[in-house]
Amino acid sequence: MTSRDLLQQRHTDSRGNTVWENAPLVRAALSGKLFILDSAHKLHHTTLSTLASLCQDRVLTLPDGTRLVAQSTHQDMCSKLHVTTEELNRQGVLPIHPAFQSYRHSWKKGNGDG
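Take 9 as the starting number for the sequence shown in my numbering and just add one per residue.
Check the hints yourself; a few may be wrong.
[Unchecked claim] As a list, the in silico SDA-like pairs of lysine to any residue whose alpha-carbon atoms are at most 20 Å apart:
{"no.": "1", "residue 1": "Lys41", "residue 2": "Lys88"}
{"no.": "2", "residue 1": "Lys116", "residue 2": "Val77"}
{"no.": "3", "residue 1": "Lys41", "residue 2": "Val77"}
{"no.": "4", "residue 1": "Lys41", "residue 2": "Ala107"}
{"no.": "5", "residue 1": "Lys116", "residue 2": "Thr54"}
{"no.": "6", "residue 1": "Lys88", "residue 2": "Val77"}
{"no.": "7", "residue 1": "Lys41", "residue 2": "Cys63"}
{"no.": "8", "residue 1": "Lys116", "residue 2": "Thr69"}
{"no.": "9", "residue 1": "Lys41", "residue 2": "Ala60"}
{"no.": "10", "residue 1": "Lys116", "residue 2": "Val67"}
{"no.": "11", "residue 1": "Lys116", "residue 2": "Ala48"}
{"no.": "12", "residue 1": "Lys41", "residue 2": "Arg23"}
{"no.": "13", "residue 1": "Lys41", "residue 2": "Gly24"}
{"no.": "14", "residue 1": "Lys116", "residue 2": "Lys41"}
{"no.": "15", "residue 1": "Lys41", "residue 2": "Arg112"}
{"no.": "16", "residue 1": "Lys41", "residue 2": "Gln64"}
{"no.": "17", "residue 1": "Lys41", "residue 2": "Asp13"}
{"no.": "18", "residue 1": "Lys41", "residue 2": "Thr58"}
{"no.": "19", "residue 1": "Lys88", "residue 2": "Gly100"}
{"no.": "20", "residue 1": "Lys88", "residue 2": "Arg75"}
{"no.": "21", "residue 1": "Lys41", "residue 2": "His82"}
{"no.": "22", "residue 1": "Lys41", "residue 2": "Leu59"}
It should be emphasised that the hints constitute simulated quantities derived from the structure, not laboratory data.
Start from the sequences, fold in the hints, and give me the full structure.
As structure tokens, then:
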């Protein structure tokens, strides 16, 4: 699984236009839900780096160009740019919900994982 698979899936609509659909991880980040990732040990290190960026740094750029930032950063940007929350959202900068949490489970080598 790549980091893109964890973030968004790309589809083509009936007119041939590219449409991006947020994956469960991104939906959880935007709505303040808990995201549970089982078997994290199977992920490539670059995918884990993407997860760390979102979960620890509270910043992430999605494949469609949308940028997720911490809610406090989003508020600061609105103030500095003299725009409303809605305007910044329309520009593709969205706040990560402060209640968002993630749990990653992985197995250590040698404990029966094959």
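| field | 20 Å limit on alpha-carbon distance, applied to hinted pair Lys41 and Arg112 | value | holds, 14 Å
| task | For the pair supplied as a hint, Lys41 and Gln64, confirm whether the alpha-carbon distance does not exceed 20 Å. | result | It holds: about 16 Å lies between the C-alpha atoms, which stays within 20 Å.
| message | Between the alpha carbons of Lys41 and Val77, is the straight-line distance 20 Å or under? | response | holds, 16 Å
| query | Is the hinted pair Lys41 and Ala60 satisfied, with a Cα-Cα distance of at most 20 Å? | reply | OK: Lys41 and Ala60 at ~17 Å, within 20 Å.
| Lys116 and Thr69: Cα distance at most 20 Å? | The given pair, whose Cα atoms are some 30 Å apart, is violated under the 20 Å limit.
| Is the hinted pair Lys116 and Val67 satisfied, with a Cα-Cα distance of at most 20 Å? | violated, 28 Å
| message | Would the hint linking Lys116 and Lys41 be met if the CA-CA limit is 20 Å? | response | violated, 27 Å
| message | Checking one constraint from the list: CA of Lys88 to CA of Val77, max 20 Å. Satisfied? | response | Cα-Cα ~15 Å, so holds.
| Restraint status (C-alpha distance of Lys41 to Thr58 at most 20 Å) | Within the cut-off at roughly 18 Å; holds.
| Are the Cα atoms of Lys41 and Gly24 separated by 20 Å or less? | violated, 33 Å
| message | Next pair to validate is Lys41 with Leu59; report whether the Cα-Cα distance is within 20 Å. | response | Holds: Lys41 and Leu59 sit about 15 Å apart, inside 20 Å.
| task | Quickly compare the C-alpha distance for Lys41 and Asp13 to 20 Å and report which way the hint goes. | result | holds, 19 Å
Hint check: violations occur at hints 1, 2, 8, 10, 12, 13 and 14; the rest are consistent with the structure.
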